[in-house]
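Colleague: As given, the protein sequences belong to chains A and B, one line each in that order. Heads up, the first sequence is in my numbering, so the first residue is 147 and it goes up one at a time. Heads up, the second sequence is in my numbering, so the first residue is 67 and it goes up one at a time.
In case anyone wonders, no lab produced these hints; they're calculated from the structure. Ideal Cβ positions, reconstructed from N, Cα and C, are used throughout, including at glycine. Please note that the accuracy of each hint is not assured.
Calculated Cβ distances over 12 Å to all of chain A for the following chain B residues [to be verified]:
id: 1; residue: T81
id: 2; residue: A134
id: 3; residue: I149
id: 4; residue: M179
id: 5; residue: I212
id: 6; residue: I220
id: 7; residue: A225
id: 8; residue: V227
id: 9; residue: M240
id: 10; residue: L256
id: 11; residue: I259
id: 12; residue: N260
id: 13; residue: N262
id: 14; residue: G279
id: 15; residue: I347
id: 16; residue: S357
For each label pair, taking beta carbons as the anchor points, the in silico distance ranges come out as [claimed, not checked]:
id: 17; chain 1: B; residue 1: N68; chain 2: A; residue 2: Y325; range: 31 to 37 Å
id: 18; chain 1: A; residue 1: G323; chain 2: B; residue 2: L350; range: 26 to 32 Å
id: 19; chain 1: A; residue 1: E520; chain 2: B; residue 2: F180; range: 22 to 28 Å
id: 20; chain 1: B; residue 1: N192; chain 2: A; residue 2: A509; range: 22 to 28 Å
id: 21; chain 1: B; residue 1: S191; chain 2: A; residue 2: E230; range: 52 to 58 Å
id: 22; chain 1: A; residue 1: S430; chain 2: B; residue 2: S191; range: 22 to 28 Å
id: 23; chain 1: B; residue 1: I226; chain 2: A; residue 2: G355; range: 24 to 30 Å
id: 24; chain 1: A; residue 1: V335; chain 2: B; residue 2: S191; range: 43 to 49 Å
id: 25; chain 1: A; residue 1: G516; chain 2: B; residue 2: I226; range: 34 to 40 Å
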Amino acid sequence: MGMRKIAVFLITFAMVASFAMAGGQAEEGPIKIAVAGAHSGDLASYGLPSINAAELVIEKVNAEGGVLGRQIELIAEDDQCKPEVATNTAAKLVGEQVVAVIGHICSGATRAALGIYTGENIITISPSATNPPLTQSGEFPTFFRTIAPDDAQGLLQAQFVAEELGLKKVAILHDGGDYGKGLADFAKVALEANYPGVEVVLYEGVTVGAVDYSAIINRVANSGAEAVMWGGYHPEASKLVSQMRTQGMDTLFISGDGVKDQSFIDVAGANAEGVYASGPRDTSSNPMDAAATAAHQAKYGEGPGPFFMNAYAATLAVINAIEAAGSTDPDAIMDALRSEYVDTPLGSISFDAKGDAIGVGFAVFQVQNGTYVELQ
Amino acid sequence: MNTEYFFRLFFSGLTRGSIYALLALGYTMVYGIIKLINFAHGEIYMIGAFTALIIAGALTLTGMPALAILVLASLVALLYSSIYGFTIEKIAYKPLRKAPRLSVLISAIGMSMFLQNYVLLAQTSNFLPFPQLLPDITLPESWQGIVTLPQFFIFVATAIVMVILTLLIKFTRMGKSMRATSQDRTMAMLSGINVNRVISYTFLIGSFTAALGGILISSYTGQINYFIGFLAGIKAFVAAVLGGIGSIPGAVLGSMVLGMAESYAAGYVSSVYEDVFAFIILVLILIFKPSGLLGKPETQKV
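Just chain B, same shape as in the assembly (with noise of 0.2 Å):
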C-alpha cells in the first residue's frame, strides 16, 4: 500500500504509544523499587483528566485566554493527582510493606475500585466532553494529512517528559537514591538513605506522569468517564511488561512496540484484532525474552 498510509498509521501508532509510555513509566517505576504492581495507577490517569477538566470549567467562566487556561488547569491537575498518588501509598501501601506481596496487590486493586466508583458517585456516570485546550498552530504544508496537531502535541510532551526523567534518574541525588533503592532496599537503607522518602518520590513522579497522560489523551479524544483509567491502565502495563518491567527504557520501547503493533494491525489487518496481535507479541516475547525487552532477568531465591 501507500507509504502515506504506513506515515499516518505509523503516527497513530506512535500516539498511542506515546500515552502507554506515560502510564507505563508509573507502573515500571514503582515495581522497581517495591515490586508492587500499583493497579490503582489507571485511575490516577483518569484523575488527572477530571481534575483538569473541572479546573478548566471553572477557569472558562473566567474568559482567559485559552493558553493561560491550559497551563493553569494542567498545573493544578498534575498538583493535585501527584499527591493523590502520594496520598495512595501512604494509606493503601505503607501499612502494608511488610506483608506479604500478595497483599498489597489486593489491596491496590481494592484502591483502583474505590477511586473508579468514588469518581462515578462523587461526579457522574456519563460522558463528559473534555475541552479542546491545545492551542491551535498551523503545522506545515507537508505534514498536514499525516499527523494531526493533538498528536503531535503528544509526542513532544511525552519526549520532553522522558528526557527531564531521565536527567532526573540519572544525575540527581533522589536519582541515585532511586536506584539504590532499586537495587537493594535494605543495603540503601543501611547506606542511609530515606528509603520511605524515596517511594513517596517515586509515587509522585510516577502520577505526576500518568496525569499527564490523562489530560493529553482526554483533550484529544475530547470525551471522559470515570471508567477510562481502567483500560488504558491495562495496556500499560502489558506494555510495561513487555518491555521488562523495572526498567524505565523497557517501559518506553515496549509501549512503543504496544502502540505500533495496535496502529499496524488495525491498518493492515483488522481493528478487531489490533488487541489480539498486541497480545500475540506480548506472548512471543515473553516467550523467548521472559524478562522483557530491556528487563534484567531476576534470582529468585527458592
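The following block holds chain A by itself, in its conformation from the complex (with noise of 0.2 Å):
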C-alpha cells in the first residue's frame, strides 16, 4: 500500500466518521430547524421570506437563552418548487436530524417531500401549500400548516350563505379557469354536503372577457336565485354586478379573494355596495404583524414578501410546542402543537387533528361606502 492509498483511506475513514458524529449528537448541541422551498428559481420569490421570518424568529429566542436551554440552528435548503428537487431536498434534512420543517412552500413539492419525512416523523409546518388532500387525507401525520386551504373559502361561503344569510336558493357562475371553477366548485361541494336546504338552481361558467354578460344575468334572473356565488377575478364580476344592477335585479353577490381588492370597487363604483367577499383575515391591526413587519424592514432594508407572516407564525408555533413538550421528541412536540395556542401575527393560533391551523383563515368581507368592511 502506497503513500497515497493510506491518505486516501484516512481521508474517506474521517469522513465517514464525522458524518457518523453528526448523526450521534442529536440530544446536545444547538436544536436543527430546517426552512425548505424554493429560494431559487421561478418561484424563489414565494420561498425566500420564510428563511427571512425563520431568522429573524431564531435569533431572536437565541438571544434570549434559547429553548431548553439550547441555542436553534436555522438550516435552509433548496427545493425550486420541483417534485423531484424537493425529495432530494427532504432526505438531506434528514440526513442533518433536524427536528422540524419550515416549509415547503409548493403544493406539489410539499407533497413528494411529505413521502419522506412521514416515514422519519419529522414534523412539516408549511407557511403556504393550500392542497387540502395534505391534511384532509389524513397520509400525512406530521403535517401541519399556517395558510387555510384551498377549500376554506367554499366552506366559509356555503356557511355564510346558509347560514349568516339563511337563502334558499342560489346561482354559482364561474370563469372556468383553475382559481375561479375550483372556488365555485369548492362551495357548491360544500353547499350540497353541509346544507341540503340550500338550492343551487344553476351552475354556470361564463365567457371570459364577452362585450355583454345580459343572456347569462337574464338566465339568474329567470332561475330565481337569491343570490350569485362567483368565482373567478374582479373584472367579470364587477361586469356581472354592474349588469344585474343595471337591469334592476338586486341579486346578492358573493365571492372570493379574487374579488377583495380595491380595483374592484374602483370599476364598479356604486354598484360594488353590499357586495360580499371572503378574503384572508386582516391582521394588520395586530401588533405582532407590526413588530415583525419592523424587524424586517431594520435587518434586510425592505418590507417582507409573500408569506412573511405564515412562515414567522409557524415557526413560533414549533419553537413553542418544543418549549411546551419539555423534548424534542416529535411525538411530544406534535401534541403540544395540537393542544397549545401560540400568539403570532396572525392572531393566536393551535392546530386541529388533521394539521389544519385554527384562528387561521378567511373572514366574509361586504363593500359598505366605497371600501371593503369586515364581518364579523
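If you follow the hints, you should be able to join the two separate chains into one complex; please do so.
Modeller: Set out below in C-alpha cells:
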C-alpha cells in the first residue's frame, strides 16, 4: 500500500466518521430547524421570505437563551418548487437530523417531500401549501400548515350563505379558470354536503372578456336565485354586478379573494355596494404583525414578502411546542402543537387533529361606502 | 319557457349583434375594397373607448352637464379614432399595396399588437371604470325588465349609423367610387377615380363606426382595458365572414345571427357553450354557402 492509498483511506475514514458523529449528537448541541422551499428559480420570491421569517424568530429566541437551554440552528434547503428536487432536499434534511421543517412552499413539492418526512417522523409546517388533501387525506400525520386550505373559502361562503343570509336558492357562476372554477366547485360541494336546504339552481361558466353578459344575467333572473356566488376575478365580477344592477336586479353577490380587491370597487363604483367577498383575515392591526414587519425592515431594508407572516407564525409555533413538550421528541412536540395556543402575527393559533391551523383563515367582507369591511 | 324570458334574450342578442355589426362594417368595407383583413380594427374600437374616457374624465372636472360631456367626448373620440384608422392605413398598408396579400396581413397583425401594447404602456394594464354617460330617460312601463336603457341606446345608435351608411354608399359620389373600386380597382382608376382617396375614406368610416361601438359598449359594461378590442374584433370578424365578407348588409345580418345564436345558446343551453354555438353556426353556413350569407362567390384565377 503506497502512501497515497493510505492518505485516501484515512481521509475517507475521517469523512465517514464525521457523518457518524453528526448523527449521534441529536440530544446535545443546537436544535436544528430547517426552512425548505423555493429559494431559487421562478418561484423564489415565494420561498425566500420564509427564510427571513425563521431567521428573525430564531435570532430573537437565541438571544433570549434559546429553547430548553439549547440554541437553535437554522438550515435552509432549496427545492426550487420541484417535486423531484424536494425529495432530495427532504433526504438531506433527514440526514441533518432536523427536529422540524418550516416548508415546503409549493403544494406539489410539499407532497413529494412529505413521503420522506412521514416515514422519519419529522414535523413539517408549511406556510403556503394550500392543497386540501395534504391535511384532509390523513396520509401525512406529521404535516401542519399556517395557511388555510383552498377549500376553506368555499366552506366559509357556503356557511355564510346558508347560516348568516339564510338563503334557499343560489346560482353559482365561474370563469372556467383553475382558481375560479376551483372556488366555485368547493362552494358547490360544501353547500351540497352540509346544507341540503340550499338549492343550487344554476351552475354555469361564463365567457371571460365577452362584450355583454345580459344573456347569463337573464338566466340568473329566470332561475329565481336569491344570490350569485362567483368564482373568478374582479373584472368579470364588476361587469356582472353592474349589469345586474342596471337590469334592476337586487340579487346578492358573493365572491372570494379574487374580488376582494379595491380595484373591484373602483371599477364597479356604486354598484359594488353590498357585495360580499371572502378573503384572508386582516392581520395588519395585530401588534405582532407590525413588530415583525418593523424587524424585517430593520434587518433587510425592505418590507416582508409573500407568506412571511405564515412562516413567522410557523416558526413561533414549533419553538413554542418544543418548549411546551420539554423535549425534542416528535410525538411530544406534535401533541403540544395540537393542544397549545401560541400568539403569532396571524393571531392566537393552534392546530386541529388533521394539521390545519385553528384561528387562521378567511373572513367575509362586505363593500360598505366604497370600502371592504370585515363582518364579524 | 315563458315569452318574457325569450324576449329578454332576444334583446341581449340584439345588443351583442349591434356591437358586432358596428365593428364588422369596418372589416367588410376594408375587405371589399383592398381585400385585406384589417386585424388592427378591434384596436380602433379600444382606442375609441379610451379616448372617450380620457376626454370625459377631463370634462367632468369642468362640471358640464352629462349630456354635453357625452356628445363632446364622443365627438372628439370618434374624430380621433377615425384619424387613427386613416393613419394606420397610410403607415402600415399603403406602402404594401403592391406586395403579396400575406405581407399586408402580417403588417395588420403587427399593427394590432403595437397598438395594444402602446395603450398598455401609455395608459395602464388595469381595468378602468368607464362613466355611465348615457342620459337617464325612463323607458315606457311595459318595456322595463325586458330591455334596459343602455341596450336601447345601442340599438338606436346602430340603426341610425346603418341608415346613414346605406344612404352614403347608395347615393353619394364617394359611395359610388367606393362601389366601383370594390368591383375592379384597375378599372376604377382608369375611369378617373382617386383610389387612394377612396381607401382613406373607407378607413375613416370604418374606424368611426368601430369607435362608436367602443364608446357605446364601454358605457354599457362600465369598464375598459387595453385588451377589450381583441375579442370583440375577432367576433366581429367572424360575423363579417358569416354574413359574406365584402358585403355591407351581410355584415349586419351576420352580426345579428351571431349575437342571437350566442344569446339563445347562453340562455337556453349553457353560457359555457355560447362560443361553441356561434362557431357551429359559422361552420354550417360556410359548408353550405362558402361565401357567407349574402356574399358573392369569388372567382379565382388559378
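Colleague: Next step is simple, just say for each hint if it's right about the structure.
Modeller: Against the structure, the hints come out as follows:
1. Look at B:T81: its CB is around 6 Å from the nearest CB on chain A, not clear of 12 Å, so calling it non-interface is violated.
2. No Cβ of chain A comes within 12 Å of the Cβ of B:A134; the nearest lies about 21 Å off, and the non-interface call holds.
3. Non-interface call for B:I149 relative to chain A: holds, since the shortest CB-CB distance, roughly 25 Å, exceeds 12 Å.
4. A cut-off of 12 Å between C-beta atoms confirms that B:M179 is not in contact with chain A; the least separation is 17 Å.
5. For B:I212, the non-interface assignment is contradicted: its Cβ lies about 10 Å from the closest Cβ of chain A, within the 12 Å cut-off.
6. The beta carbon of B:I220 is not kept farther than 12 Å from every beta carbon of chain A, the shortest such distance being approximately 9 Å.
7. At roughly 18 Å from the closest C-beta of chain A, the C-beta of B:A225 stays outside 12 Å, upholding its exclusion from the interface.
8. Distance to chain A confirms B:V227 as a non-interface residue, since its nearest Cβ pair spans about 17 Å, more than 12 Å.
9. For B:M240, the non-interface assignment is confirmed: its Cβ lies about 30 Å from the closest Cβ of chain A, beyond the 12 Å cut-off.
10. Distance to chain A confirms B:L256 as a non-interface residue, since its nearest Cβ pair spans about 43 Å, more than 12 Å.
11. No beta-carbon of chain A comes within 12 Å of the beta-carbon of B:I259; the shortest separation is about 36 Å.
12. Against the 12 Å criterion, B:N260 stays outside the reach of chain A, whose nearest CB is about 36 Å from its own CB.
13. Remark: the non-interface label on B:N262 is consistent with the geometry, its nearest Cβ contact in chain A lying 34 Å away (cut-off 12 Å).
14. With a cut of 12 Å on Cβ distances, B:G279 falls inside the contact zone with chain A, its closest approach being about 9 Å.
15. For B:I347, the shortest C-beta to C-beta distance to chain A comes to about 15 Å, beyond the 12 Å cut-off, and the non-interface label holds.
16. With 12 Å as the threshold on Cβ separation, the claim that B:S357 sits away from chain A holds: the shortest Cβ distance comes to roughly 27 Å.
17. Taking the beta carbon of each, B:N68 and A:Y325 are about 36 Å apart, inside 31 to 37 Å as hinted.
18. A:G323 and B:L350 have their C-beta atoms about 30 Å apart, which keeps the hinted 26 to 32 Å range intact.
19. One distance hint, 22 to 28 Å for the beta-carbon pair A:E520 and B:F180, is violated here, with the actual separation near 45 Å.
20. Roughly 26 Å separates the CB atoms of B:N192 and A:A509, a value that falls within the hinted 22 to 28 Å.
21. Between B:S191 and A:E230 the CB atoms are about 35 Å apart, so this pair departs from the stated range of 52 to 58 Å.
22. Range check, A:S430 to B:S191: Cβ separation about 26 Å, and the 22 to 28 Å hint holds.
23. Judged by the Cβ atoms, the range 24 to 30 Å given for B:I226 and A:G355 holds: they are separated by roughly 28 Å.
24. Between A:V335 and B:S191, the C-beta spacing of about 34 Å breaks the proposed range 43 to 49 Å.
25. A hinted range of 34 to 40 Å holds for the C-beta pair A:G516 and B:I226, which are about 37 Å apart.
When each numbered hint is compared with the structure, violations occur for hints 1, 5, 6, 14, 19, 21, 24.
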